[in-house]
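Visitor: The lines below spell out each chain.
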Amino acid sequence: MKLTKRLLMSVVALGIAGAMSGTALAADTIAIITPSHSNPFFKAEADGAAAKAKELGYATMVLVHDDDANKQSELFDSAIAAGVKAIILDNAGADASVAAVQKAKDKGIPSFLIDREITTTGVAVSQIVSNNYQGAQLGAEEFVKLMGEKGNYAELLGKESDTNAGIRSQGYHDVIDQYSDLKLVAKQTANWSQTEAYTVMESMLQAHPDIKGVISGNDTMAMGAYAALEAAGRKDVIVVGFDGSNDVRDSIKKGGIKATVLQPAYQQAQNAVEQADKFIKTGKTGLDEKQLMDCILINADNADKLETFALKP
Amino acid sequence: MKITTLFVASLLAASVSGCKLVKTSNGEGGAAADPIAETVETTFDAKLVPALTEKAVDLATLQGAIKGSLDKAGESYGVRVGGAGGGWNFPVKGTATVLEDTRASTKAAVAEIDVDGDGKADATLQLGPVVKGSALRDTTNLYDFSTFRDQIEYAKLGRALNDKAVSKLPPAETELKGKKVNFVGAVVIRSASEKPLITPVSIEVAP
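Residue numbers (this note's numbering), protein chains in the order written: chain A, 1 to 313; chain B, 1 to 207.
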């Protein structure tokens, strides 16, 4: 973690140095702020945004807030002080982030949100988010089918401060709860974390050895749960995740985890940078603030085509 | 946008007309405490069904156009929703023969319908109670995501519209198999080769 941070800081330093180098046309800088890159989903976002920014001629300032709203606020201060032209943000809390985004807006710096929403409109210029409800319904429909419409199952929830945790759970239940022979026997948060999910799954298995399926709010938790099931000799348990990571893709191909739902994270980040570029140049994006992007079911049929949060044609 | 304005206006009107206390829903006669339910009540019959009916393209015409080019068909008859992973939303109508009615065997029940009379199913009508997708919410411009607090609220609306639509369909005792039906609804098409999965707002058994 330390090392990552140091590397990121040096990237920042390079970015700023690049921006300030004495050439006649110094590049404008775009800040890209996301949760920790230890989850490949957020790394894909940051990479997608940085690649597009570079393509459009911007320097980048890549930062991580580790899901800490205070740290996020400090990062906004740094970005504002550095005079960035725009901020691409995957935020650290739907309510807690409004103030930070407002602070940048007050200084004339537009923010473009990806992946997670904030609870206020009119503060960010764009909020481009995956249609988590639609995606969760896709995952739940597949889960119901895999379960044969019956049996005991457990649910792993994401971090409560993140709207996406609630919306996915609701999408799952709006489908699953209509099948009365599917019984939810355990439901617990593992805060999007692989290691936490491992521990939670271990105790769920002890309390409910008759579990037939696990539906997880994201892929890292699905990976943790599957590892615990595997360690307990319970590879028969059906696991379905959400995100579309390469780790889960590989597990699906080996017959481990059964399905996930791809969020087009890479594309989403690129769209945000394109909109930022348009806004910087023309003062508007020409699009609604809130934009939903649909998710795609991934199972053994199409896992081969999945690469770094995008489907190959 | 209009709806939200009206809704806010009615809330304001309610709040200035008399006492300070917020009215809680204690049953009889009170307005719905749930704004989503209220939106569905005030818009489903009054706005959504007329909007879909007015703009609906005949399913046979649409399928012909899609064979040529989905994007061209979309530009002529539909609206684009959901970005790269999304598709074209179309308001649709048609007359068809029901080949199969699965309400006895599954919760996500459907009617397989034959539009062109060749005896093969060329589209599917969702009969519920489990209804997939949010085509009813997304096919018209009546419901604007930006006016909702978050995806959870917006999703609740999608679900509530689906539930309302199911409640308007012929009851399960009405066997649809073998019947000729007229329908109006909405559909999302993501690829030219997929069989349309339509969410109907009305299915009438033809006399």
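A few of these clues could be false.
Output of the computed footprint for chain B on chain A, the stretches with three or more beta carbons under 8 Å from beta carbons of chain B [what the hints assert, rightly or not]:
#1 63-72
#2 113-124
#3 128-141
Below, a list of computed lysine-lysine pairs in the DSS-like style, where the Cα atoms sit at most 27 Å apart [stated by the list, open to error]:
#4 B:K168 - B:K93
#5 B:K164 - B:K177
#6 A:K183 - A:K235
#7 A:K105 - A:K284
#8 B:K93 - A:K187
#9 B:K107 - A:K183
#10 B:K107 - A:K150
#11 A:K183 - B:K132
#12 A:K305 - B:K195
#13 B:K120 - B:K47
#14 A:K54 - A:K71
#15 B:K93 - B:K67
#16 A:K187 - A:K159
#17 B:K195 - A:K145
#18 A:K187 - B:K107
#19 B:K55 - A:K305
#20 B:K177 - B:K132
#21 B:K132 - A:K312
#22 A:K312 - B:K72
#23 A:K145 - B:K132
#24 A:K284 - A:K305
#25 A:K145 - B:K72
#26 B:K177 - A:K145
#27 B:K67 - A:K305
#28 A:K212 - B:K67
#29 A:K145 - B:K180
#30 B:K67 - A:K150
#31 A:K145 - B:K120
#32 A:K150 - A:K54
#33 B:K164 - B:K67
#34 A:K212 - B:K107
#35 B:K195 - A:K312
#36 B:K168 - B:K67
#37 A:K43 - A:K54
#38 B:K67 - A:K312
Derived by calculation from the structure, the hints in this document are not laboratory data. Just so it is clear, CB atoms sit at the ideal spot from N, CA and C, and this is done for glycine as well.
Visitor: All hints, please: hold or fail.
Guide: Results for each hint:
Only residues whose C-beta sits within less than 8 Å of a C-beta in chain B count toward coverage, and the segment 63-72 of chain A has 0 of them, not enough to reach three; the restraint is violated. A count of 3 residues in the segment 113-124 of chain A with a Cβ less than 8 Å from any Cβ of chain B is obtained; the coverage claim is therefore met, three being the minimum. Under a criterion of three residues with beta carbons nearer than 8 Å to beta carbons of chain B, the stated coverage of the segment 128-141 of chain A is upheld, 7 such residues being counted. Restraint check: the Cα-Cα separation between B:K168 and B:K93 comes to about 16 Å, which is no more than 27 Å; the hinted pair holds.
Straight-line distance between C-alpha atoms of B:K164 and B:K177 comes to about 23 Å, which keeps the hinted pair within the 27 Å bound. Annotation: proposed proximity of A:K183 to A:K235 holds, straight-line Cα distance about 20 Å (limit 27 Å). Our distance criterion of 27 Å between C-alpha atoms is met by A:K105 and A:K284, whose separation comes to about 14 Å. Simply put, B:K93 and A:K187 have alpha-carbon atoms about 42 Å apart, too far for the 27 Å limit, and the pair is violated.
A threshold of 27 Å between alpha carbons decides the hint, and for B:K107 with A:K183 the separation of about 16 Å falls inside it, so the pair holds. With a CA separation close to 12 Å, the supplied pair B:K107 and A:K150 stays within the 27 Å bound. For the suggested pair A:K183 and B:K132, the alpha carbons sit about 21 Å apart, so the restraint of at most 27 Å is met. With a CA separation close to 23 Å, the supplied pair A:K305 and B:K195 stays within the 27 Å bound.
Note on B:K120 and B:K47: the hinted pairing is violated, with a Cα-Cα distance of about 34 Å set against a maximum of 27 Å. Pair hint A:K54 plus A:K71 holds up; C-alpha atoms about 26 Å apart against a cutoff of 27 Å. Among the hinted pairs, B:K93 with B:K67 is consistent with the structure: their alpha-carbon atoms are about 18 Å apart, no more than 27 Å. Restraint check for A:K187 and A:K159: the C-alpha separation of about 13 Å stays at or below 27 Å, so the hint holds.
Restraint check for B:K195 and A:K145: the C-alpha separation of about 19 Å stays at or below 27 Å, so the hint holds. Distance hint between A:K187 and B:K107 is fulfilled; the C-alpha atoms sit about 24 Å from each other, no more than 27 Å. Restraint check for B:K55 and A:K305: the C-alpha separation of about 37 Å exceeds 27 Å, so the hint is violated. Proposed proximity of B:K177 and B:K132 is supported: the alpha carbons are some 21 Å apart, at most 27 Å.
For the proposed pair B:K132 and A:K312, the alpha carbon gap of about 26 Å is at most 27 Å, so the pair holds. With a C-alpha separation of about 24 Å, the suggested pairing of A:K312 with B:K72 holds against the 27 Å cut-off. About 14 Å separates the Cα atoms of A:K145 and B:K132, which keeps this hinted pair within 27 Å; it holds. With a CA separation close to 35 Å, the supplied pair A:K284 and A:K305 exceeds the 27 Å bound.
This hinted pair does not check out: A:K145 and B:K72 have alpha carbons roughly 34 Å apart, beyond 27 Å. Under the criterion of a C-alpha separation no larger than 27 Å, the hint pairing B:K177 with A:K145 is consistent with the structure, at around 25 Å. Proposed proximity of B:K67 and A:K305 is supported: the alpha carbons are some 25 Å apart, at most 27 Å. For the hint linking A:K212 to B:K67, the alpha-carbon distance of about 43 Å lies beyond 27 Å, and the restraint is violated.
Between A:K145 and B:K180 the alpha-carbon distance is near 30 Å, which puts this suggested pair outside the 27 Å criterion. The suggested pairing of B:K67 with A:K150 is violated, with an alpha-carbon distance near 39 Å, which exceeds 27 Å. At most 27 Å may separate the alpha-carbon atoms for a hinted pair to count; A:K145 and B:K120 meet this at roughly 25 Å. Using a Cα cut-off of 27 Å, the hinted pair A:K150 and A:K54 is violated, with the two alpha carbons roughly 50 Å apart.
Between the alpha carbons of B:K164 and B:K67 the distance comes to roughly 32 Å, so the proposed pair goes past 27 Å and is violated. Between the alpha carbons of A:K212 and B:K107 the distance comes to roughly 21 Å, so the proposed pair stays at or under 27 Å and holds. Between B:K195 and A:K312 the CA atoms are separated by roughly 23 Å; this keeps the pair inside 27 Å, and the hint holds. Taking the CA atoms of B:K168 and B:K67, the gap is about 32 Å. The hint is violated against a cut of 27 Å.
For the suggested pair A:K43 and A:K54, the alpha carbons sit about 16 Å apart, so the restraint of at most 27 Å is met. Between the alpha carbons of B:K67 and A:K312 the distance comes to roughly 24 Å, so the proposed pair stays at or under 27 Å and holds.
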